[in-house]
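We have chain A; now place chain B onto it with these hints.
Each chain, written out:
There are 2 protein chains.
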Amino acid sequence: MSDKVLSNQEHIERAAKLIEDIQFAMISSVDSDGKLTSCPMTTQGFEEFSGSIWFIGSKSSGLVHSLKLNPAVNLSYSDNSSKNYVSVSGSAALVEDAQKLEQMWSPFYQAYFDSPADPDIQLIQITAHSLEYWISNNVFVNIYEMGKALATGDKADLGERHKIDLV
Amino acid sequence: MSDKVLSNQEHIERAAKLIEDIQFAMISSVDSDGKLTSCPMTTQGFEEFSGSIWFIGSKSSGLVHSLKLNPAVNLSYSDNSSKNYVSVSGSAALVEDAQKLEQMWSPFYQAYFDSPADPDIQLIQITAHSLEYWISNNVFVNIYEMGKALATGDKADLGERHKIDLV
Chain A
20 MSDKVLSNQE
30 HIERAAKLIE
40 DIQFAMISSV
50 DSDGKLTSCP
60 MTTQGFEEFS
70 GSIWFIGSKS
80 SGLVHSLKLN
90 PAVNLSYSDN
100 SSKNYVSVSG
110 SAALVEDAQK
120 LEQMWSPFYQ
130 AYFDSPADPD
140 IQLIQITAHS
150 LEYWISNNVF
160 VNIYEMGKAL
170 ATGDKADLGE
180 RHKIDLV
Chain B
20 MSDKVLSNQE
30 HIERAAKLIE
40 DIQFAMISSV
50 DSDGKLTSCP
60 MTTQGFEEFS
70 GSIWFIGSKS
80 SGLVHSLKLN
90 PAVNLSYSDN
100 SSKNYVSVSG
110 SAALVEDAQK
120 LEQMWSPFYQ
130 AYFDSPADPD
140 IQLIQITAHS
150 LEYWISNNVF
160 VNIYEMGKAL
170 ATGDKADLGE
180 RHKIDLV
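For the record, the sequence lines run as chains A and B.
All residue numbers for the first sequence refer to this note's numbering, where the first residue is 20 and numbers rise by one.
All residue numbers for the second sequence refer to this note's numbering, where the first residue is 20 and numbers rise by one.
Looking at chain A on its own, in the form it has when it is part of the complex:
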């Protein structure tokens, strides 16, 4: 493990940078049968981490139906090429806020909705309760450490892992 001691704020900034870079989340929720399902969502307009991550979804989606019954969610961000992963545990609120929607709207959403006035649009605010992240600084180091473990029988340092409680 790294000897470098980072503050919680520095950890959060690192996780925020990973989220911004990876951009695509799988959001997991609990459906009406108690099953855990997930679907891909796009993180837009995320520049710093203020405790919330916002998404634009569809009122008619299975996700929004599930969130009405149980607001617990997990956001997972995966970068398999660099082996960077972030897990955000939080709760979802279904928000009506025309001003926020105008701020978030981009041409990206025209593929899914007619306009910001489309009545099917559902703003989803995820309030993060805790997050974890895993980083491997680069694939080479990862392979090197793996090789060292194989050669010596020692357990490898496969990257740092941090858990941060936000609330």
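It cannot be assumed that every hint is accurate.
Copies of one chain are not kept apart here, so a pair can be met inside one copy or by any two copies together.
[Stated by the list, open to error] Within a straight-line C-alpha distance of at most 30 Å, the following computed DSSO-like cross-link-like pairs (lysine-lysine) qualify:
1. LYS78 <-> LYS102
2. LYS119 <-> LYS102
3. LYS54 <-> LYS87
4. LYS102 <-> LYS36
5. LYS119 <-> LYS78
6. LYS102 <-> LYS54
7. LYS119 <-> LYS36
8. LYS78 <-> LYS54
9. LYS119 <-> LYS87
10. LYS102 <-> LYS87
No lab work stands behind these hints, which were simulated from the structure alone.
Coordinates of chain B only, in the frame set by chain A:
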């Protein structure tokens, strides 16, 4: 949406190929506080989809503690470069099976465990109840469709989406 009608078996084979190619899953579970957490896991020895996906985990991990309380899980597989995603909803069993462990063991795990006899090893069998996948055949088509949507105001065909009930 595609006009091509695939059988459930063909859908499952496509999803299995995506899982095999992506290899790294984020596994979501419910912890003792009711929070949804996720962590990266490696899918090893997965060649065809027989209804189960196996992982080698650690008895001392938060994941295994959570699964003892609530076996509901979701596996998400993300390939952000090609925009391919798979979600597997299932339940986890904590299995003791020395023969299965010997079959699954590979040098990969020497980074985490001393040997297949390491008492901290926990075999985890995920029985899939349903799965969904999203595919974009390639980034170019995706961009093209997005461009078409922006140019014409039509909603884009951003890839197929299929939901399969396995049980």
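These are the hints, each one checked on the structure:
1. LYS78 <-> LYS102: between (33 Å within a copy, 23 Å between copies)
2. LYS119 <-> LYS102: between (33 Å within a copy, 27 Å between copies)
3. LYS54 <-> LYS87: Intra 15 Å, inter 16 Å, cutoff 30 Å: intra and inter.
4. LYS102 <-> LYS36: both (15 Å within a copy, 20 Å between copies)
5. LYS119 <-> LYS78: within (17 Å within a copy, 44 Å between copies)
6. LYS102 <-> LYS54: Intra 27 Å, inter 24 Å, cutoff 30 Å: intra and inter.
7. LYS119 <-> LYS36: For LYS119 and LYS36, only the intra-copy Cα distance (22 Å) is at most 30 Å; the inter-copy one is 40 Å.
8. LYS78 <-> LYS54: So LYS78 and LYS54 pass the 30 Å test inside a copy (20 Å) and across (24 Å) alike.
9. LYS119 <-> LYS87: within (20 Å within a copy, 41 Å between copies)
10. LYS102 <-> LYS87: Only across copies: LYS102 and LYS87 sit 27 Å apart there, 33 Å inside one copy, limit 30 Å.
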